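There are 2 protein chains.
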Amino acid sequence: MSLKTKRIENYPAWYQCVVSEADMAENAASPGCMVIKPWGYGIWERIQSLMNEEFRETDHENAYFPLLIPFSFFKKEAEHVEGFAKEMAVVTHSKLQEVDGKLEPAGELEEPLIIRPTSETIIADSFAKWVKSYRDLPVLINQWANVVRWEMRPRLFLRTREFLWQEGHTAHASADEAETETKRMLEVYRKTCEEFLAMPVIEGVKPEYDKFPGAVDTYCIEAMMQDGKALQAGTSHYLGQNFAKSAGISFINKENKPEFAYTTSWGVSTRLIGGLIMTHADDEGMNVPPRIAPYQVILVPVIKKKEDEEKVMTYIRALSSELKSHTPFGEKIRIKVDARDKQSVDKFWEWTRKGAPIICEIGPRDIENNALMVKERLKVGQKEIVLKDEFVSSIEKRLADIQKEMFEKAKSRMENNIRNDITTPEEFKAYFANSNEWIEDGTQGKVAFVRGKWSGDEQTEEILKEMKIAIRCIPFNQTGTTGKCLLTGKEATLDVIYARSY
Amino acid sequence: MSLKTKRIENYPAWYQCVVSEADMAENAASPGCMVIKPWGYGIWERIQSLMNEEFRETDHENAYFPLLIPFSFFKKEAEHVEGFAKEMAVVTHSKLQEVDGKLEPAGELEEPLIIRPTSETIIADSFAKWVKSYRDLPVLINQWANVVRWEMRPRLFLRTREFLWQEGHTAHASADEAETETKRMLEVYRKTCEEFLAMPVIEGVKPEYDKFPGAVDTYCIEAMMQDGKALQAGTSHYLGQNFAKSAGISFINKENKPEFAYTTSWGVSTRLIGGLIMTHADDEGMNVPPRIAPYQVILVPVIKKKEDEEKVMTYIRALSSELKSHTPFGEKIRIKVDARDKQSVDKFWEWTRKGAPIICEIGPRDIENNALMVKERLKVGQKEIVLKDEFVSSIEKRLADIQKEMFEKAKSRMENNIRNDITTPEEFKAYFANSNEWIEDGTQGKVAFVRGKWSGDEQTEEILKEMKIAIRCIPFNQTGTTGKCLLTGKEATLDVIYARSY
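Heads up: the protein sequence lines correspond to chains A and B, in order.
Position 90 of the first sequence, counted from 1, bears residue number 89 in numbering that gives the first Met the number 0, the numbering being contiguous throughout.
Position 204 of the second sequence, counted from 1, bears residue number 203 in numbering that gives the first Met the number 0, the numbering being contiguous throughout.
Bound conformation, chain A alone:
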């Protein structure tokens, strides 16, 4: 019961197939936008819930700022507006009116409003009101919101005109403190990806030319997809005093002198779900790590004769309540009893395509043996008959093992596919002459990441553009050795990650 399209046949088509067969999202009637269906949205809610805990532990508070930003705000920070001007949805009218029997936009606004592509400018405006003295700092805010960027080539989860995200915005009394915050939140993102999404990442900083518009430094985490392409999974920006100056966030410092605040911003989005799919899904469909699965255990009754129904359902209810005394990962367990009026085999494949971690089937014979049939998504095609008590007492370990295995599998794929033995521009060119394709587990693919030297010259930007590859980041762990820049052949010490990307 594999998907219509396999990874090896057509990787991009396979991706669309997973999204649709796992019932996670679909294209909306509004061009370039998506409908996030319950299973996809449930994963997002799990990510929200786990990240909210991380934010709370790092003393951030959630708040909400307006969707619509006055046009004039974008003019305040020159680099910022330049970065976003080409993809902004502009609101110009406030009603519809009938003209010659046809409805038309009316009530033209004096000043157009921009649907937030990101909220630095509007949030800085509030911070400017909130902050007067060093005693008011730091301000540590997070917002869960929708944003709109007019993407021209939309793809579900990866790149849609509207997407959901969290954006953190903070203001500090010193540059040091703000830079520490920027890195601290990058670490929260690393933890989110690796521990919750089981998606390994590389931490680093973006090259100067690829910074967030208006930032001093942009830090990022980069993940490797199953086709060896990179996915930027999260970014954290140190904004220096740029936005503080344009919005007027100033405070009286301890020396009793006025000073502009130092701000940061950082975000991850529903794009993470795209990354999740291309990290864990296979030819059977999606595969969701237990920590973020909306349901971790599915209980499917197998009832052939009507007279067995009562008995089976009673057994399942008891099993469900026994499981509920367990708290995998220190949280309430999430169980779904799927009692819909459908064939159990169809239910099994439905939950397999959705990627629920554990699917259990329970019929009259299992009850006689005080057992159940257990199928783990990670071992699709295998099944085990397990004694009920044994299953219940092992549930926390089972889920923890699945989580761990998923991470390790992805981690070894990434590690196997970072080439650091390419040392000349010629070899480099030959390597990237190949196109990206699906990398089988445990193997080395034709193309993925190259870790190598970069001279930092301006001309390298042009070469990258021609080759259609990118410097994904300058990783934190630098070797400090000297070698040839893989683009120019010049001597260079900086290690960077080169890759094609989403």
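To be clear, the hints were calculated from the coordinates, so they are not data collected in a lab.
Heads up, some of the hints might be wrong.
When chains are identical, the list treats them as one kind, so a pair holds in a single copy or across two.
[As the list claims (entries may be wrong)] Listed below are the simulated DSS-like cross-link pairs for lysine-lysine, each with C-alpha atoms no more than 25 Å apart in a straight line: (1) K331 / K101; (2) K131 / K94; (3) K445 / K253; (4) K101 / K304; (5) K210 / K244; (6) K85 / K101.
Please read all numbers here as calculations on a predicted model, not as lab measurements.
Chain A is already provided as a structure; the job is to place chain B on it using the hints.
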């Protein structure tokens, strides 16, 4: 330390004062929009969390649909577009471009997009794809989202151009089932208001002329504010086959014939927080019921000498961890240790204005006595020294008592102020000749609700408009008696609730 403006002096100014002094929200730079600050947003998150549980228990799933709705969708349902056309934000361009050195909207869209004022049309479009057979029904969806309605007289929480809400949308195989759903969700709203927000409501149905645009029936819950005005706290609409016909949600029924589905929609918004303020706040500031308070217990260290700090903080941490073994209302207790570098008296007033249910002050002398100073927000001005163990063991009861007392106080205000002894248009007119003003607790105010007869005549709409009052609802519990319509004097049997409203 009362608020600058008291209720008796200027009720609307007092409201603004509470919102601002409790640090719940502020006006945004974007005209008519608000910034929801952490304390206000925290209350909203609590409402979300409790409602999500109710939705789960009634088998609804969360999903997310696009912010932007194609213009053409609104033309499909004539009543619907007419109802919303006057307050729609219209997106007409997709970028900004420099023209003569000035940035201007560019990239005009072929078809304008509307920022959702509500999502019936776009969600119905998805339902039409999802539903083929009676086996696909019911579809039970909820969405948490922001919506925009171009309000001309915005007021924080009560009426803002952008607000946050949940909107439920369901499709069913029969009219009966859909009507049952509509009422079931109204009951969820009643429970939310009464049990969580401690805000009593009257359930009923809207008069024909005041229905949601496109609905067959609109059910609602109405609450009484402290000035006797009504606040519509939630609505639940039975939409019949109207939206199903315009969007094409049809299915093959059990008789193997095509049939249009029966749909419902229902919503509550951040407006609830406005209702919460006008139900519970007083001249000292906000007062948040424990079930939805972001923090239920505030622990304030009282440290006069630096050398006491260590001892006091150790005691507080121990107290906090002892409290955490308790689960008021079956949930994790929410405690805030306020260790900011500020005077404890300032902290006390800050939390009082925010309306935290219980504020505890702990200094060296309290520790000697193994005690603490307890101040309940509901009994502002009073304080008690309580033994620590006694406080810890009574915390669940204390919070439950506060919740109950808040509800009962509001309930008796409402019951005392529904006049049902007004029986003629003359008395009725004389009653509403008064203007609304603050009603002191336990008393009967000059103007509030009148429960009386309504003939249902068309002309009554005009009379209501002139008197600037409204029929808030036709309550479920009808007496069935006959009397005079309070507007026309004609014989009538229908009981309705008359009031001024927000």
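List, from low to high, the hint numbers that the structure doesn't satisfy.
1, 2, 3 and 4
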